[in-house]
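**Student:** Next come the chains, spelled out residue by residue.
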Amino acid sequence: MSAPVVTAAGAAAEVSPMTEKIGHLLHELSVLPLSDGAFSLTNYTFWLLIGVAAILVYFIVASRKVSLVPSGIGNLTEALVEFVRNGIVVDVMGPEGKKYFPFIGTVFFFVLFNNLLGNIPPALPGTGTVGTTFTWAIIVFIVYNGIGIKKYGFFGYIKSLVPSGTPWWLSWLIFLIELISHLLRPFTLGIRLFANMYAGHIMLGVFTIFAALAIEHFTPMGAIVLPLSFFMQVLLRAFELAVAVLQAYIFTILTAVYINGALHAGEH
Amino acid sequence: MENLGNALAFGLGGIGAAIGLALVGSKTIESMARQPEMAGRLQTTMFIALGMIEAIALLGFVLAFVL
Amino acid sequence: MELIIPNTTEMWINVASFTVLFFVLAKFAFPPITKMLDERANKIRESLERAEDTRVEAERLLEEYKVQMAEARAEATQVIEQGRKVAESMKVEILAKAREEAEAEKTKAIEAIKAEKSAAVGEIQKQVADLSVAVAGKIIGSSLSRTDHEALIDKYLTEVGSLHEN
Numbered sequence: 035m036s037a038p039v040v041t042a043a044g045a046a047a048e049v050s051p052m053t054e055k056i057g058h059l060l061h062e063l064s065v066l067p068l069s070d071g072a073f074s075l076t077n078y079t080f081w082l083l084i085g086v087a088a089i090l091v092y093f094i095v096a097s098r099k100v101s102l103v104p105s106g107i108g109n110l111t112e113a114l115v116e117f118v119r120n121g122i123v124v125d126v127m128g129p130e131g132k133k134y135f136p137f138i139g140t141v142f143f144f145v146l147f148n149n150l151l152g153n154i155p156p157a158l159p160g161t162g163t164v165g166t167t168f169t170w171a172i173i174v175f176i177v178y179n180g181i182g183i184k185k186y187g188f189f190g191y192i193k194s195l196v197p198s199g200t201p202w203w204l205s206w207l208i209f210l211i212e213l214i215s216h217l218l219r220p221f222t223l224g225i226r227l228f229a230n231m232y233a234g235h236i237m238l239g240v241f242t243i244f245a246a247l248a249i250e251h252f253t254p255m256g257a258i259v260l261p262l263s264f265f266m267q268v269l270l271r272a273f274e275l276a277v278a279v280l281q282a283y284i285f286t287i288l289t290a291v292y293i294n295g296a297l298h299a300g301e302h
Numbered sequence: 049m050e051n052l053g054n055a056l057a058f059g060l061g062g063i064g065a066a067i068g069l070a071l072v073g074s075k076t077i078e079s080m081a082r083q084p085e086m087a088g089r090l091q092t093t094m095f096i097a098l099g100m101i102e103a104i105a106l107l108g109f110v111l112a113f114v115l
Numbered sequence: 002m003e004l005i006i007p008n009t010t011e012m013w014i015n016v017a018s019f020t021v022l023f024f025v026l027a028k029f030a031f032p033p034i035t036k037m038l039d040e041r042a043n044k045i046r047e048s049l050e051r052a053e054d055t056r057v058e059a060e061r062l063l064e065e066y067k068v069q070m071a072e073a074r075a076e077a078t079q080v081i082e083q084g085r086k087v088a089e090s091m092k093v094e095i096l097a098k099a100r101e102e103a104e105a106e107k108t109k110a111i112e113a114i115k116a117e118k119s120a121a122v123g124e125i126q127k128q129v130a131d132l133s134v135a136v137a138g139k140i141i142g143s144s145l146s147r148t149d150h151e152a153l154i155d156k157y158l159t160e161v162g163s164l165h166e167n
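Protein chains in written order, with the numbering used here: chain A, 35 to 302; chain B, 49 to 115; chain C, 2 to 167.
Some hints could be false.
[To be verified] Listed below are the simulated PhoX-like cross-link pairs for lysine-lysine, each with C-alpha atoms no more than 20 Å apart in a straight line:
no. : chain 1 : residue 1 : chain 2 : residue 2
1   : A       : K132      : C       : K28
2   : A       : K133      : C       : K28
3   : C       : K36       : A       : K133
4   : A       : K133      : A       : K185
5   : A       : K184      : A       : K132
6   : C       : K98       : C       : K109
7   : C       : K44       : A       : K99
8   : A       : K184      : A       : K133
9   : C       : K98       : C       : K86
10  : C       : K118      : C       : K107
11  : A       : K132      : A       : K185
12  : C       : K36       : A       : K99
13  : C       : K156      : C       : K127
14  : C       : K36       : A       : K132
15  : A       : K99       : C       : K28
16  : C       : K139      : C       : K127
17  : C       : K127      : C       : K115
Since the hints were derived computationally from the structure, they do not count as laboratory data.
The shape of chain A in the complex, shown without the other chains (with noise of 0.2 Å):
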């Protein structure tokens, strides 16, 4: 970190080069329209729409290549669906979960490939935006009350939120309380997954920058900062792909928790 930050302090007058480069960088990553008009693509769903195009046509591919005796393409979706099934929707909320396992494996399908695909290098995250992000956990949030609604009716699904037997001048501060934390939910949801994608290609760009000052100016300190940040983008890249799979999980099981949340309201 240090040579680019010698060149900075050599050129205080106008902007450096590293500052100017991770402007840059930000400029890159924020959300950026393909082209001019009321309704275009921004740099961010053009990967996306791309993610869900390769969603449909794996799947597609994939339930026509299950069989009894499984083989290739088949045994990684059935290992997949399995591990969604099983691994998140049953452990959560039970075997009785398990109708619900169409709307948990869209979400868990949908954030894990485009996560995916923010690691093959040209291609951002389409979850690396707070539009995507934000969307679906606010899908989320409209489901899993939608389905605490259904169960207990509208008035029997509100009052669920204070636990029985509370004096009536403390409920409303309980209930005050649970409404927020409830309306926090989706937002946390929507920020944890974007500042992961988004954090995790910033830390990718700011080692590539590194790397790309310490060539440009080559520096005897540039020759050690070099290597170093080569090697770091290479470990970022392995870690990357780890949260990219991570943070579906988690995603996908707090999505889950929610709904069984939303299952037993009246239990508590």
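Start from chain A and add chains B and C according to the hints.
**Tutor:** For chains B and C alone, coordinates are given in the frame of chain A:
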């Protein structure tokens, strides 16, 4: 000065989350070692807890950019 | 701040992608896969159950065969034992019969010999008497009355006969 504020927002937010993550991780490993047959459920619960804690650190991260 | 204000276009595109994804996956992709998984789970469970049933059945049959085998062996031993008993009794019977028959044969033979002997003795007596008369007549040259001679011969023969019978 402004950048320092951003870095502090993220850094200080990260301290609490780091302590939380460490606690969750160590306790989960401890519990898994004690009851290996419960490992699956413990892992699920651990990830839920990790997700909750992480959200706090990430709020700091977002705040650092927003400020 | 603009970082966490969602872009409206993106949101609508996401809503559209969720709708398309959910309906395509839930309608066409997941059902065959989950059905397949359930089917396989059922098949494996059934196979295991069937294997268990077969094993139990095999064990039952083996047990049955063992019992049957033991029964058959016992029966065979019994039959052999019975056969031996029958043979034993038959042997005794046959032996007794044979002995009896042999005894009867022997007595018959002895009787026949006795009869033969007495007949022969009678014949010899007669011939001896006749011969003696003829010889005596020749020697003496006179004819003794037949009754006198017979009395003499009888006396002589009784002596000889008693000798012979000893």
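**Student:** Which constraints among the numbered hints does this structure fail? Numbers only, ascending.
**Tutor:** As far as the earlier hints go, not one is violated by this structure.
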